[in-house]
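Enquirer: Now for the letters of each chain:
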Amino acid sequence: MLNCYLKGQQEHERPEFIPYAHLRIRTKQKVTVEVLDHLEHLALVDFRDSEGVERLQKAIQFADQLHEVNTDGVEPMDSVLEDRCLYLREDDVTEGNCTEELLKNAREKVEEYFVAPPGNIPLPKLEERETFLKGS
Amino acid sequence: LLGRASLLVSAALKEGRVAPTELCQRCLSLIKSTKFLNAYITVAEETALKQAEESEKRYKRGQPLGVLDGIPIAVKDNFNTAGIETTCASNMLKGYISPYNATVVQKLLDQGAVLLGKTNLDEFAMGSGSTDGVFGPVRNPWSYSRQYKEKSVPKSHSEDKDSNWVITGGSSGGSAAAVSSFTCFAALGSDTGGSTRNPAAHCGVVGLKPTYGLISRHGLIPLVNSMDVPGILTRCVDDAAVVLGSLAGHDPKDSTTIQDNFKPFELSDLTDVSKLSIGIPKEYHAPGLSSEILALWSKAADLFKNAGAKVIEVSLPHTRYSIVCYHVLCTAEVASNMARFDGLEYGHRSDMNKSTESMYAATRREGFNDVVRGRILSGNYFLLKQNYENYFIKAQKVRRLIANDFVKVFGSGVDILLTPTTLSDAIPYMEFIKEDNRTRSAQDDILTQAANMAGLPAINVPTALSERGLPVGLQFIGRSFQEKQLLTVAKWFEKQVKFPMIQLDEVKRHDHGVFQHQKSASFLEHRT
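Going down the list, the sequences are from chains A and B.
Read left to right, the first sequence gives residues 1 to 136 (full-length UniProt numbering).
Read left to right, the second sequence gives residues 1 to 528 (full-length UniProt numbering).
It is possible that some hints are incorrect.
To be verified - Pairs of lysine-lysine residues, derived as DSSO-like cross-links and limited to a Cα-Cα distance of at most 27 Å, are as follows:
| no. | chain 1 | residue 1 | chain 2 | residue 2 |
| --- | --- | --- | --- | --- |
| 1 | B | 385 | A | 125 |
| 2 | B | 385 | A | 58 |
| 3 | A | 104 | B | 107 |
| 4 | B | 397 | A | 125 |
| 5 | B | 354 | A | 104 |
| 6 | B | 94 | B | 32 |
| 7 | A | 104 | B | 50 |
| 8 | B | 107 | A | 109 |
| 9 | B | 354 | A | 109 |
| 10 | B | 253 | A | 104 |
| 11 | B | 253 | B | 484 |
| 12 | B | 354 | B | 408 |
| 13 | B | 385 | A | 30 |
| 14 | A | 30 | B | 434 |
| 15 | B | 50 | A | 58 |
| 16 | B | 484 | A | 58 |
| 17 | A | 104 | B | 14 |
Said to hold, decoys possible - Derived coverage of chain B by chain A (criterion: at least 3 residues anywhere in the stretch with Cβ under 8 Å from a Cβ of chain A; other residues may be distant):
| no. | segment |
| --- | --- |
| 18 | 55 to 69 |
| 19 | 333 to 345 |
| 20 | 366 to 373 |
| 21 | 397 to 410 |
Don't read these hints as lab results, they were simulated from the structure.
Note that CB positions come from ideal geometry on N, CA and C, so glycine has one too.
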């Protein structure tokens, strides 16, 4: 604690670690339009404008700092409760019969069905779509 | 009356000195007069009054359900509440009325608590300022406190008096503001990266993040399944213990809750701290930590040392990577969790009808804001086959290193860690919005995030006022499932620092109750 207290006394404090900016590893290439298009397809969410693409670039740059850490021999951690057996209940029906309630929240329905537009029609290709990426 | 700790109000309810309906009415009218704070998205006036009436009947029969019977509470708007709109501050869920109650909400209602309404947040709990929801930003009640106004440099008359208001922090800003402005006695928030502790620090309230697996997440709209926990916001540590007691425990509907038997506890007064070992992690002296908070942290450590506790400096070497790790894991889990919003079964649905995929795409385009869309796209990038090993798996490995840091420190005999909660006091909204959400989150979560990585319990205790007259809090991090020890130490600390009560004109006008003259007394008087 003396350490911390002494630090507080100094005119110019030197914090414990250097801010991220100095250590940022620069991503060599920008993300290609193909990958961006692929992401839009997977996520069914669009980038909307160059700001959106910039955001992704910055996010990747930020995440690249992970590569500084040595993780040899370290197992990935899925959950902090990995040492325990999680609970599984018996396969008995304990609730249900709430069709009406659940259908209340859907906009398009017919009798007891949720209605969707026709499926199996892939999103149009990049050239044919209305997307910001067309211009890149 | 409204400023009292819930335990003492409960005594008043039991003795008939105040009626639950009166308490409810007072809170509802205070909510109306503090509307400018924008803390509430939905105020459930009718149902709240009905619940208060039921509670009153029970008290008359001498059969209250428990300490929480008749106590007004608020719930963050990402918890499902039956019959009350649940929006997550997003266009995607505007108008969505849930058919069920989240387990934690149900537990509170079963105890007789009166649900006043749903509080405001960042859209889908993504953010650290409670500024990015579709219902607008939440204002910190302390912006209107006498303490803050006295310290503000008077600006020219032509400038809008209102433009100086400060943020609440996030993402449970609405809940923190609601508790801080006396409109409710306790509020539920959620904590994924510090979302309960951050606004608690900025609003001068107690914010508890329980151990992952202690409280059920069933009904909490998920952000990051492996890190989310419901958070508890109250005005004092005793109240937090009471609420924790009614919420914790195994839930068959959430398989990530542990099956150990949980015994609700009452906090005893700690008289001897000499057996305590407090750890001060040096890496929490992060870049950007204000000198004010650094000094406060130092003083707090000295406080423990002078009382006889063992205070030692410890090291959590991977702290600096916790934000980067969180960034990858969070966006990856978000990408997965947000996939359920397609407009088909609930929520917003676009008019686009050409194909299922184009309908989904249009719905999501219209329903989500930039922040959410940005995280979904980043998450999908990190989960691409070519990136999976390098980013997602790598982040999971770093997560283990971070969790192991804590295991090592706690294993070496340290009982509790003492750290700052935020880098500075609350900043003005106009300044906050100069940087984008991701940058702000990365900056603001730095001190709170690691506890989520490791699943450990942590609590923010309001400590003192800054030079600008705004609250500053300190954080205690405890061992897994050792909430009793954590809260006992926090309570002792709270008693030592005697954090001042907020002086809000709106509250003074409303609160002409019996307890007015006792308002400045310590919360911790024992009842006879």
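Enquirer: Evaluate each hint against the coordinates.
Expert: Tested hints:
no., hint, result
1, B:385 with A:125, "holds (21 Å)"
2, B:385 with A:58, "holds (20 Å)"
3, A:104 with B:107, "holds (25 Å)"
4, B:397 with A:125, "violated (37 Å)"
5, B:354 with A:104, "holds (24 Å)"
6, B:94 with B:32, "holds (22 Å)"
7, A:104 with B:50, "holds (24 Å)"
8, B:107 with A:109, "violated (33 Å)"
9, B:354 with A:109, "holds (17 Å)"
10, B:253 with A:104, "holds (23 Å)"
11, B:253 with B:484, "holds (25 Å)"
12, B:354 with B:408, "violated (57 Å)"
13, B:385 with A:30, "holds (18 Å)"
14, A:30 with B:434, "holds (26 Å)"
15, B:50 with A:58, "violated (51 Å)"
16, B:484 with A:58, "violated (42 Å)"
17, A:104 with B:14, "violated (41 Å)"
18, 55 to 69, "violated (count 0)"
19, 333 to 345, "holds (count 5)"
20, 366 to 373, "holds (count 3)"
21, 397 to 410, "holds (count 6)"
Of the hints listed earlier, those the structure fails to meet are numbers 4, 8, 12, 15, 16, 17, 18, in rising order.
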